[in-house]
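*Asks:* Residue numbers (my numbering), protein chains in the order written: chain X, 1 to 600; chain C, 1 to 154.
No wet-lab data here; the hints were simulated from the structure. Here a beta-carbon is modelled for each residue, glycine too, at the ideal position from N, C-alpha and C.
Label-pair distances were calculated between CB atoms; the ranges are:
id, chain 1, residue 1, chain 2, residue 2, range
1, X, 239, C, 10, 43 to 51 Å
2, C, 117, X, 538, 31 to 39 Å
3, X, 336, C, 51, 35 to 43 Å
4, C, 135, X, 530, 25 to 33 Å
5, X, 529, C, 139, 27 to 35 Å
6, C, 142, X, 336, 30 to 38 Å
7, X, 103, C, 14, 48 to 56 Å
8, C, 117, X, 103, 40 to 48 Å
9, C, 122, X, 304, 43 to 51 Å
10, C, 78, X, 569, 49 to 57 Å
11, X, 218, C, 68, 25 to 33 Å
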Amino acid sequence: MSVIINISRRDFLKTGAMIGGGLMLGVFPRFEEAYGESAAAFVPNAFIRIGTDDIVTVIVNKSEMGQGVYTSIPMVVAEELEADWSKVRIEPAPVDPAYNHTVWGPIQGTGGSTSTWTTWDQLRKAGAAARMMLVQAAAETWSVDPLTCRAENGFVIQTGTDKKLSFGKLTEKAAQMNVPQDIPLKKPEEYKLIGKPIKRLDTPDKSMGKAVFGIDVKRPDMLTAVVARCPVFGGKLKSFDDKKAQAVKGVKSIVQIPTGVAVVADNFWAAKLGRDALEIVWDEGPLSGFDTKKQREEYASLSKTPGAVARKEGDAEAALAGAKKRISAEYEVPYLAHATMEPLNAVVDFRKDGCDIWTGTQFQTIDRNSAAEVLGLKQEQVKIHTTYLGGGFGRRANPHSDFVSEAAHVAKAVKKPVKVMWTREDDIKGGYYRPMWYDRMAAGLDESGNLTGWKHTIVGQSIIAGTAFENALVKESIDETSVEGAQDIPYDVPNIIVDLHSPKYPIPVQWWRSVGHSHTAFVVETFIDEAAYAAGKDPYEFRRGLLSKDPRTKALLELVSQKAGWGSPLPKGRGRGIAVHKSFRRDYIQRRESGPEQFS
Amino acid sequence: MISLDVNGKKYDVDVSPDVPLLWVIREHLGLTGTKFGCGIAQCGACTVHINGKAKRSCRTPVKDAAGKKITTIEGIPEDHPVIKSWIVDDVPQCGYCQPGQIMSVVALLKENPAPTDKDIDDFMSGNLCRCGTYQRVRRSIHRASKMMAEGGKS
Ligand code: FES
Ligand code: FES
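Taking the hints into account, I'd like the entire structure generated from these sequences.
*Replies:* Right, dumping it as structure tokens:
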């Protein structure tokens, strides 16, 4: 998914100035204030702080959820900075426009496989600018020409002499240097860190139980809450009796909030027992009695009618009607919960004059703004402390800020620091699923087994409708994330139609790891195999023959098949398969061999 | 009052005897390395040792652990071969399941110092990893087993 959101002209100018012009390469006094660093620390820009102790702190504006950004982002900065890798530390960024996503517009967030390519230039320039200022500071200290000096492994050195000063010794002077405007960057052949295998910075803490996830945060006087939510989506609370729940030892208060009833207690177990003891009457709303069978039938009949056209070339219907051989198939995939290993949670410390929130989030700005709205505070009064995320997969980038704004409601009611926790059951029942999809496919082949027509009708809810991303990503009734991987298949078919139905259901849906591709890769590649089989052709050769307009993918496919020994004899009872898919600016070719042991 | 021996330290905690050990460890003792994933003994994130055996603390009433030797991830020395090999192999991704994985591995290697792939798969099947680090978990178990055989401390 590539997300580009509409931003107002004013915001664009702000963001544009940041990306293009100067990366906001000014000193940020706010950091010294916030982190109490010594005044002599060198803070050349929003991403770097160098202490007199030689420690280089990289402020990371992306959330670490397993993908390795707490290592990859410092690598990029350290490369241009010429830092000593053993002295590099990281710190999660607070919410600030300086940390906005460079492509999504004025929000800080992590997702869509964008962290590296969208920060690449920004971070290299940040590192290089800091290095130039350090070199300049050393040259002035020694009264020599800066061109005779270079930075290396955390030091500035004058070439050919024994003059050498560590970054830490130069901080005070470097802070007085002008921020360079013209920032030359390294050539790839000069890289020392980028492209080299390097150990993750977060591995030791994660291997010793020291990494702090949202669920591990503890604040003075903190209470813990769980929320009873309506078991049917779209339903609401009718009435509740909390007599028994109030009697549970450790339960402090029971409050009604927009999503249900929150039981607030001294600890999780008391809160959970309290919730179990609640007697609640729900108004189950319009989805009461909803059943999947009926929904599937509706999807199946919709799939037989024409939808909004996402792609049309030639005349697929005519090609299918006139085909020598015609095949068809329907594919169904269910709703899927993200099921992050760490259940959702947020700690909210709300005071009259401000609020601190600790949570593992992928959407800092949206969460901050939603919490501010709930709490009646200014956005700047709400601080987000991003912890490690025990998995994200898109769930912690909730466009409605569901788990953070709910926690803000609880905090507002109890006026004490509170951790709102979800159980695993809450998580699985809580919605924001990958949508259920129904795909109807048809293909036509001529007498030589060539693919002449392709029809793919997709039925499923739009994940983008109703979010801030709608204007940018839904065009003429096509949510591009619903058809990604289907409307842009690499295969060259003369007659093709891909159309889409986006039925509205009040079941909350959301981006889920790989988004549209999580169904389209499966259905397209399975159906191509069916077509190859119907054509009597080898599945590799069949695909290869359809890739004439995509030489890169074709070359990759050839390489993989060579390496995999495609066509070599297989032992009895074993099978082999190959698949091609393009997503997130990458080509994926997968080849797999398996035998009965995989299915035992 | 319930008396607990956790990582060699004695604690007296004022909790009801039926509270799962997991919550006592995390919330009363403040040892948050042990994780909550499911609460129904299905994921392994809460694995600790009770008298040397791997147990799911989310399904162990605290009274059943009273007076026994409890070890959590915080009680595994930093130079333990399993932690060392975990670092060499960069096993964790998000890291959330890893304390539970490591506690299971330490127990496994105590029972079976040179496990085969099949032994590993059997023993570790109750430790889920949503990030899918299984291949590295397996590789690193073999590495730790070798380190221990070559005299690394266990
Ligand atoms: S939390 Fe105990 S096994 Fe999942
Ligand atoms: S490392 Fe993320 S769940 Fe295992």
